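Q: Taken in sequence, the protein lines are chains R and C.
Each residue of the first sequence is one higher than the last, beginning at 235 in the numbering used here.
Each residue of the second sequence is one higher than the last, beginning at 2 in the numbering used here.
The set of hints was computed from the structure by calculation and includes no laboratory data.
Among these hints, one or two may not hold up.
[Said to hold, decoys possible] Simulated pairs of lysine to any residue, SDA-like, Cα-Cα distance not exceeding 25 Å:
1) R:LYS387 with C:ALA72
2) C:LYS53 with R:ILE333
3) R:LYS387 with C:PHE66
4) R:LYS387 with C:PRO77
5) R:LYS387 with C:SER71
6) C:LYS53 with R:ASP406
7) C:LYS53 with R:ASP342
8) C:LYS53 with R:ALA241
9) R:LYS387 with C:GLU11
10) R:LYS387 with C:PHE44
11) C:LYS53 with R:ALA422
12) R:LYS387 with C:SER27
13) R:LYS387 with C:ASN74
14) C:LYS53 with R:LYS387
15) R:LYS387 with C:LEU6
16) C:LYS53 with R:ARG302
17) C:LYS53 with R:LEU355
[Unchecked claim] Not close to chain R: a few residues of chain C, all C-beta gaps over 12 Å, as computed:
18) GLU5
19) LEU6
20) GLU17
21) ARG18
22) GLY24
23) TYR25
24) ARG36
25) GLU38
26) GLU46
27) LEU47
28) LEU48
29) THR59
30) GLU60
31) GLU64
32) ALA68
Keep in mind it's a predicted model, so treat the numbers as computed, not measured.
Where a beta carbon is used, it is the ideal one built from N, C-alpha and C, also for glycine.
Spelled out from the first residue to the last, the chains are:
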Amino acid sequence: MAAEVAARLRLPLVAQETVEEALAEGLGRGGPEGARRLEEAAGRVVLGLVEASARVGASLVLAGGFVRGGELEARLAGLPARLVQLHDGPPLELPGERIRLDAGQPDDPEDLARRIRRAALWQAVAGAILAAPTAQAVYRGDDPPELAALLGKVRRHAYRIVDADVAGLDPDTAIEATLGAALAVALAERRRALEAIDAA
Amino acid sequence: MRLELRHSPEAAAEIERLRERDGYVSDISVALRYRPELFSRPFSELLQEVMKGPSAWTEGERELFAAFVSARNQCPF
């Protein structure tokens with residue numbers, strides 16, 4: 235499935251299993267202890283590739299049998315990258331979107347690729363908005379007092395905003411705050427919608 | 002009173018061109034040209050993918066969904 239998704243996204247695939255097999259071919263397995271060390275080495279190679287890609291802003295598909303609480307999870311979480319996680323077991327504790335694979339029926343790779351692409355684009359929107367400090371504060375719910383009335387309307391009923399609500403406001407502050415408030419509501423609504431679709 | 006947006010010279014010139022061509026420029030066009038890196042550039046990419054990208058729904062059906070949601074939000078766009 236990872237290979238099919240990577241092909242559709244036109245991204246390189248880094249598969250832990252492939253790395254491990256290549257290492258075993260070159261070094262031999264050498265019994266249970268050797269196999270354990272090969273697995274560990276493969277994990278480190280994979281991490282190195284992922285971190286190097288993230289540093290230059292390149293995208294890739296990473297495939298492996300990753301478990302919670304490992305070094306890989308901690309280091310992936312610290313990457314300056316947008317992550318979309320596909321999982322069929324317990325997901326790793328990583329920022330970004332999670333897509334649960336359906337164990338009962340095969341997933342359509344085209345559909346998965348589309349969901350990943352859209353999730354990444356949503357993260358790009360969120361990242362751009364949250365790069366602005368005022369937007370980030372408002373997104374967290376830390377509203378500047380002078381904007382409380384405006385932001386209340388943005389969150390509940392934006393169509394009720396009138397000219398008087400923005401009179402005298404600094405344009406950059408008003409726009410950044412509005413985007414931060416709107417983003418928080420939009421992402422919450424989107425999460426609810428995706429959960430409803432998954433549950434259907 | 003509306004927000005007085007200080008557009009970049011390039012964006013201001015583009016808005017002026019639109020005004021000359023069409024006789025008016027919508028508020029949404031003016032807003033989207035303000036600091037595009039903050040919202041409109043990444044959002045336009047997302048919008049393009051969602052509305053025009055591969056989907057089980059036709060473009061017309063997606064336009065209909067968008068119009069329905071806008072109507073629910075009392076948004077004329």
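Q: Hints first: check each against the structure and report whether it holds.
A: Going through the hints against the structure:
Using a Cα cut-off of 25 Å, the hinted pair R:LYS387 and C:ALA72 holds, with the two alpha carbons roughly 17 Å apart. Restraint check for C:LYS53 and R:ILE333: the C-alpha separation of about 22 Å stays at or below 25 Å, so the hint holds. Only pairs whose Cα atoms come within 25 Å are accepted, and R:LYS387 paired with C:PHE66 is accepted, the gap being roughly 24 Å. Straight-line distance between C-alpha atoms of R:LYS387 and C:PRO77 comes to about 17 Å, which keeps the hinted pair within the 25 Å bound.
Between R:LYS387 and C:SER71, the direct Cα distance comes to roughly 16 Å. Compliance with the 25 Å bound is thereby established for this hinted pair. For the hint linking C:LYS53 to R:ASP406, the alpha-carbon distance of about 31 Å lies beyond 25 Å, and the restraint is violated. Of the supplied pair hints, the one linking C:LYS53 and R:ASP342 holds, its CA atoms being roughly 20 Å apart against a limit of 25 Å. Note on C:LYS53 and R:ALA241: the hinted pairing holds, with a Cα-Cα distance of about 21 Å set against a maximum of 25 Å.
With a CA separation close to 32 Å, the supplied pair R:LYS387 and C:GLU11 exceeds the 25 Å bound. Distance restraint check for R:LYS387 and C:PHE44: the Cα-Cα separation of roughly 22 Å lies within the 25 Å cut-off, and the hinted pair is therefore satisfied. Annotation: proposed proximity of C:LYS53 to R:ALA422 holds, straight-line Cα distance about 24 Å (limit 25 Å). For the given pair, R:LYS387 sits about 22 Å from C:SER27 by alpha-carbon distance, which is consistent with the 25 Å threshold.
The straight-line distance between the Cα atoms of R:LYS387 and C:ASN74 is roughly 12 Å, inside the 25 Å bound, and the hint therefore holds. Between C:LYS53 and R:LYS387, the direct Cα distance comes to roughly 31 Å. Violation of the 25 Å bound is thereby established for this hinted pair. A hinted pair counts as satisfied when its Cα atoms are at most 25 Å apart, and R:LYS387 with C:LEU6 qualifies at roughly 21 Å. Distance restraint check for C:LYS53 and R:ARG302: the Cα-Cα separation of roughly 37 Å exceeds the 25 Å cut-off, and the hinted pair is therefore not satisfied.
Distance hint between C:LYS53 and R:LEU355 is fulfilled; the C-alpha atoms sit about 14 Å from each other, no more than 25 Å. Once the 12 Å rule is applied to beta carbons, C:GLU5 is inconsistent with being away from chain R; the minimum gap is 6 Å. C:LEU6, annotated as away from the interface, has a beta carbon of chain R within 12 Å; the closest lies near 5 Å. Consistency note on C:GLU17: stated as away from chain R, and its beta-carbon is indeed over 12 Å from all of that chain's, at 19 Å minimum.
The beta carbon of C:ARG18 sits about 22 Å from the closest Cβ of chain R, which is more than 12 Å, so the claim that it is off the interface holds. The non-interface label for C:GLY24 is consistent with chain R: the shortest C-beta to C-beta separation is roughly 23 Å, beyond 12 Å. For C:TYR25, the shortest C-beta to C-beta distance to chain R comes to about 18 Å, beyond the 12 Å cut-off, and the non-interface label holds. The claim that C:ARG36 lies off the interface is violated: its Cβ sits roughly 7 Å from the closest Cβ of chain R, which falls inside the 12 Å cut-off.
With 12 Å as the threshold on Cβ separation, the claim that C:GLU38 sits away from chain R is violated: the shortest Cβ distance comes to roughly 6 Å. Non-interface status of C:GLU46 relative to chain R is broken: a Cβ of that chain comes within 12 Å, the nearest being about 6 Å off. Here C:LEU47 does not stay apart from chain R, with its beta-carbon only about 4 Å from theirs, under the 12 Å limit. For C:LEU48, the non-interface assignment is contradicted: its Cβ lies about 9 Å from the closest Cβ of chain R, within the 12 Å cut-off.
Interface exclusion of C:THR59 from chain R stands, the closest Cβ pair being 15 Å apart, more than 12 Å. For C:GLU60, the shortest C-beta to C-beta distance to chain R comes to about 15 Å, beyond the 12 Å cut-off, and the non-interface label holds. No beta-carbon of chain R comes within 12 Å of the beta-carbon of C:GLU64; the shortest separation is about 17 Å. Non-interface call for C:ALA68 relative to chain R: holds, since the shortest CB-CB distance, roughly 15 Å, exceeds 12 Å.
Checked against the numbered hints given earlier, this structure breaks hints 6, 9, 14, 16, 18, 19, 24, 25, 26, 27 and 28; the rest are met.
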